[in-house]
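Below are the chains, spelled out letter by letter.
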Amino acid sequence: MNQWMFSILWIGGIGAVCGTALAFAARYLSVEEDPRIEQVTNELPGANCGGCGFAGCADYARALVTTSAATSLCPICNSAVIARIAAIFGRTAEAVERKVARIQCGGSDAEALRRFAYNGIADCAAAAATGGGDKACAYGCLGYGSCARVCPVGAIAISSGLASVNPATCIGCGKCVPVCPRGLIMLVPAAARIHVLCSSKDKGPVVKKVCGVGCIGCTLCVKLSDGAIAMDGFLAKVDYSKPLTNDALVDKCPGHCIQTIG
Amino acid sequence: MKPIRAPYCFSGGIHPVYSKDLTRSAPIQTLPCPPQLVIALSQHLGAPAVAIVKAGDSVSGGQRLADPAGVISAPIHAPTSGKILRIEPAPTPLGRPVPAIILEPDGHDTWDSPLTPMPDWSRLDRKSLAGQVGAAGVVGMGGAGFPTQVKLSPPADKPIDTLIINGAECEPYLTGDHRLMLERAEALWQGAAIIRYILGAKTVHIAIEDNKPDAIQALESARTLEDAAVCILKTSYPQGSEKQQIYSVTGRVVRTGGLPMDVGCVVENVGTTLAVWDAVVNGRPLVSRTITVSGDAVAAPANFLALIGTPFAALVDACGGARGRIAKIISGGPMMGFAQASLDVAMSKTSSGLLLLSASRVPGFTSQPCIACGRCLDACPMGLMPAELSQCIEADDIDAAEHLFVMDCFECGSCAFVCPAHRPLVQHMRRAKAIILARRRAAIKK
Amino acid sequence: MKPQSSADLHIVSSSPHAHSGASVSRIMADVLIALVPAFAAACWFFGWDAIRLTAACVTACLASEWLCRKAMRRDNTLSDLSAVVTGVLLAFNLPPALPTWMAVAGSVVAIAIAKQTFGGLGYNPFNPALIGRAFLLISCTGPMTTWSASAWRGADALTTATPLGLVKEALKAGQPLPFTLTQDMTWNFFIGNMNGCIGEVSAAAILLGVAYLLFRRVITWHVPVAYLGTAVLYAVILRFTSANAMPVSFHLFTGGLMLGACFMATDMVTTPITRSGLLLFGVGCGLLTMVFRTVVNGAYPEGVSFAILIMNAFTPLINRATKRQPFGAKSP
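Residue numbers (the working numbering), protein chains in the order written: chain A, 2 to 263; chain B, 4 to 449; chain C, 3 to 334.
Incorrect hints may appear among the rest.
Below, simulated DSS-like cross-link-like pairs (lysine-lysine); rule was C-alpha separation at most 25 angstroms, straight line [to be verified]:
| id | chain 1 | residue 1 | chain 2 | residue 2 |
| --- | --- | --- | --- | --- |
| 1 | C | K332 | B | K436 |
| 2 | B | K57 | A | K204 |
| 3 | B | K436 | A | K176 |
| 4 | B | K449 | A | K176 |
| 5 | C | K325 | B | K436 |
| 6 | B | K23 | B | K237 |
| 7 | B | K205 | B | K5 |
| 8 | A | K209 | A | K238 |
| 9 | C | K332 | B | K161 |
Residues of chain A clear of chain B, computed beta-carbon distances all greater than 10 angstroms [what the hints assert, rightly or not]:
| id | residue |
| --- | --- |
| 10 | I12 |
| 11 | F235 |
| 12 | N247 |
| 13 | P255 |
FRET-style restraints, in silico, Cβ to Cβ [what the hints assert, rightly or not]:
| id | chain 1 | residue 1 | chain 2 | residue 2 | range |
| --- | --- | --- | --- | --- | --- |
| 14 | C | L235 | A | Q4 | 47 to 55 angstroms |
| 15 | A | N43 | C | Y125 | 33 to 41 angstroms |
| 16 | C | R277 | A | T67 | 49 to 57 angstroms |
Everything labelled a hint here was simulated from the structure, so no lab data went into it.
Heads up, the beta-carbon is just placed ideally off N, CA and C, and yes, glycines get one too.
Work the whole structure out from these sequences, hints included.
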């Protein structure tokens, strides 16, 4: 019996001492923090993707409370969440349009030629620096996966030497954009469905020689799109601020470079 | 002075299979002019030259086609007479296209050089001689392509006392410089004398590896200069690298980030020295060079004297074409040369070799991890730690790589040569150096 | 577009485009060849047990590696032969009477935990074979320190224990040493005519092996010389300072010192990469081994495995301390 009492008293005693110490610390050693920081952190998605430009959600919350950071910086938050965050500060939120990444190239190995067999680091910047890149098109996706590796949610897949973004998974954080050595990745409105999947600035005959789905600069899409597509040199470019719903463009494009995604 | 053995040798280095027997006994043949010459406007370190002719112009051999753009630049001259067809981007040995002048030779080879021969050079002032070298478009023909006039004009606070002519030719397969030393030893010594005069230096050494005994003999027989000697180096790659050669010949150490002139030395390649001789004594601009075409996928390896702008395909045809399937085409030597996508590239002032290799001679790089065997540390002539460097760079820790002196790496390839895991070490170094340089440029902009 | 055959394309890579022909599998093959004399000695002295244990460990290591790579969805690395080397070295560190299933368990721990969880060859901080042995020592201490008499082929006095074990027991009990070292006995120790782990007994066989490795330039002299040299120096000093000290040859030839110094402490991945670092590593191993043997009165008579594992932990620190300055660097 003595042994039991002994153990209970000792363990209980240690517990009591620790509990008192914790209570003391919680009262006298606590750091004053604006309660709004925790409120905002709870509203934020907690992905810590860095898309807002801050080092994680807690850092953004702190910035929102202590500085005059904009409430709409988080690319994952939808309008409802942003409205709630703004309400914590007594502000009204700006309307946000959700964006997703798009890799502006459709040249997989089935369609686009390679000019040599690359042997080296499986990194797109390294491949682009070796012999000028192994895609025959000087502007095309090399497909070594640097963008896929940097994506925090695994939204980018490499298939047959071509990277593509899954718009349903993409949170629009923008981390992939600076990684591409060819500058192929853009953030476009999530609602946009029709895209010109080509970034080649070459003339039509040159493009045809190296890729079966490249823009040949025929300008047919410009005429059929009511001003939503304009030519930039020999390359057609979609203006996402204008409405574009003509799905027939996909079949009409002689270069086969217009696709619908999403 | 009789030939001397180099008193030192750099630590590290490798001993590859040299395969120089394929062409070491092949005298330099003059390659006939091809039907078209593609002359890139960027054949040197520094700003590309600016074309001063346009499509449709008729030019004579030796006529200036492009002016230098800035101090670190060089002019470009027509290798032969003909018509300018087009000026358009053309592929170069380094990869993506740069603007180039497409010249169609007319077969007459009429010559009209803007330079005047200066046979009496020892009486002229040094600055005008250096100017002649610059006006002739002479650049470092060992591979770097640094404008020679700039190298021969060191600032006044860096006096030069030793000139070293680099005849090491340490890359496997290449024998162009070896043949030049055998066949043009007298002109080579003359060129050395001219450069020594321009620099105001005292001693001149022709540094040569001990695997070229016939060239050592030929140079010694032709030597008539005072204060000049053939310096025999231990055969070791990369003995032909500037800093390593200066140390082997003189024992002087060029500091990190420094230049040979900091220790009173200048190193010039054999080909460059002959080009200087040609420019000063004959008034001839740099329009041709020796190139070794070799490899096990070439029918008849040979050494050529070819015009700048000669397509690689023409060189291969002159060698009897390819033998078997070509797995790799290399411009330069196998250690530091550039692999090519095709033979539709033209040679430039710095093309020292063209190698066609079959698959059995092409090792591949893998993505295996480092096993810390330490062989790369033994091989690195700069005393770096490639194993640790490559692991930092793979983990994207470029700051750590900078602290481990990655900027001192001159990409000789010794580390990757010995790596049992076949890691692409040089590619890692290049990647880190590019990122560091970009950061420095961005910092300067701010 | 017409489908493109990659056979028509030339290969473009970064320089260099030449290679010495070295490869990891060639290095591992050389290590295996160097271990042949020790294997022959093991078969000679321990018969079927040596073959059984080696086969079990090698098979278990290969199988573990294959399974782990498959489960991790990474490429198959069996062809680099490193799993074979781990299996052989682990087997050589086991007593002859060890049950096969324990050898298999040790192999699985060595490969799956000590090697593959870190990412495979090149990433492991500790010597996998020694982790396997340490695991067995701690989990199956009895079988790992039982030396069967049946496989014994030698002097009557040493039937159920290793020479080191006997000395330790005698010292603990304060009794005189159970034997006196004669010339004959030293010779027996040198060629391996004693009880111990199957691969560690024959110093002669191990020396043959390390000579081959040095000739083939697989290893450098630094670790074996520093390790053995430190141990010998320590033993020599002991001879002059302690009444109970065993002769130097006793320390050198008994226990796992030779095997450890020549094959375990020379593992490239887990040891420093610089030459001076290797010397430091060897000295540290030697000191720790001798301290474990002569000073610490603990449960184990043998300290080589733990000495090497502890020094493995110091490898990154040693690498950093012995970082070299490049050619032409400004003085720090």
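Now the hints, each set against the structure:
Only pairs whose Cα atoms come within 25 angstroms are accepted, and K332 (chain C) paired with K436 (chain B) is accepted, the gap being roughly 20 angstroms. Proximity of K57 (chain B) to K204 (chain A) is assessed by CA-CA distance (about 23 angstroms); at most 25 angstroms being required, the pair is judged to hold. Distance hint between K436 (chain B) and K176 (chain A) is fulfilled; the C-alpha atoms sit about 23 angstroms from each other, no more than 25 angstroms. A hinted pair counts as satisfied when its Cα atoms are at most 25 angstroms apart, and K449 (chain B) with K176 (chain A) qualifies at roughly 24 angstroms.
Pair hint K325 (chain C) plus K436 (chain B) holds up; C-alpha atoms about 20 angstroms apart against a cutoff of 25 angstroms. Between K23 (chain B) and K237 (chain B) the CA atoms are separated by roughly 16 angstroms; this keeps the pair inside 25 angstroms, and the hint holds. For the given pair, K205 (chain B) sits about 17 angstroms from K5 (chain B) by alpha-carbon distance, which is consistent with the 25 angstroms threshold. Proximity of K209 (chain A) to K238 (chain A) is assessed by CA-CA distance (about 18 angstroms); at most 25 angstroms being required, the pair is judged to hold.
Our distance criterion of 25 angstroms between C-alpha atoms is met by K332 (chain C) and K161 (chain B), whose separation comes to about 19 angstroms. The claim that I12 (chain A) lies off the interface holds: its Cβ sits roughly 46 angstroms from the closest Cβ of chain B, which is beyond the 10 angstroms cut-off. With a closest Cβ-Cβ approach of about 15 angstroms to chain B, F235 (chain A) is found to remain outside the 10 angstroms limit, as its non-interface label requires. The beta carbon of N247 (chain A) sits about 36 angstroms from the closest Cβ of chain B, which is more than 10 angstroms, so the claim that it is off the interface holds.
The claim that P255 (chain A) lies off the interface holds: its Cβ sits roughly 26 angstroms from the closest Cβ of chain B, which is beyond the 10 angstroms cut-off. Distance hint check: the CB atoms of L235 (chain C) and Q4 (chain A) are about 53 angstroms apart, consistent with the given range 47 to 55 angstroms. At about 39 angstroms, the beta-carbon gap between N43 (chain A) and Y125 (chain C) stays in the expected band of 33 to 41 angstroms. Take R277 (chain C) and T67 (chain A): their Cβ atoms lie about 54 angstroms apart, and the range 49 to 57 angstroms holds.
Taken one by one, the earlier hints all hold for this structure without exception.
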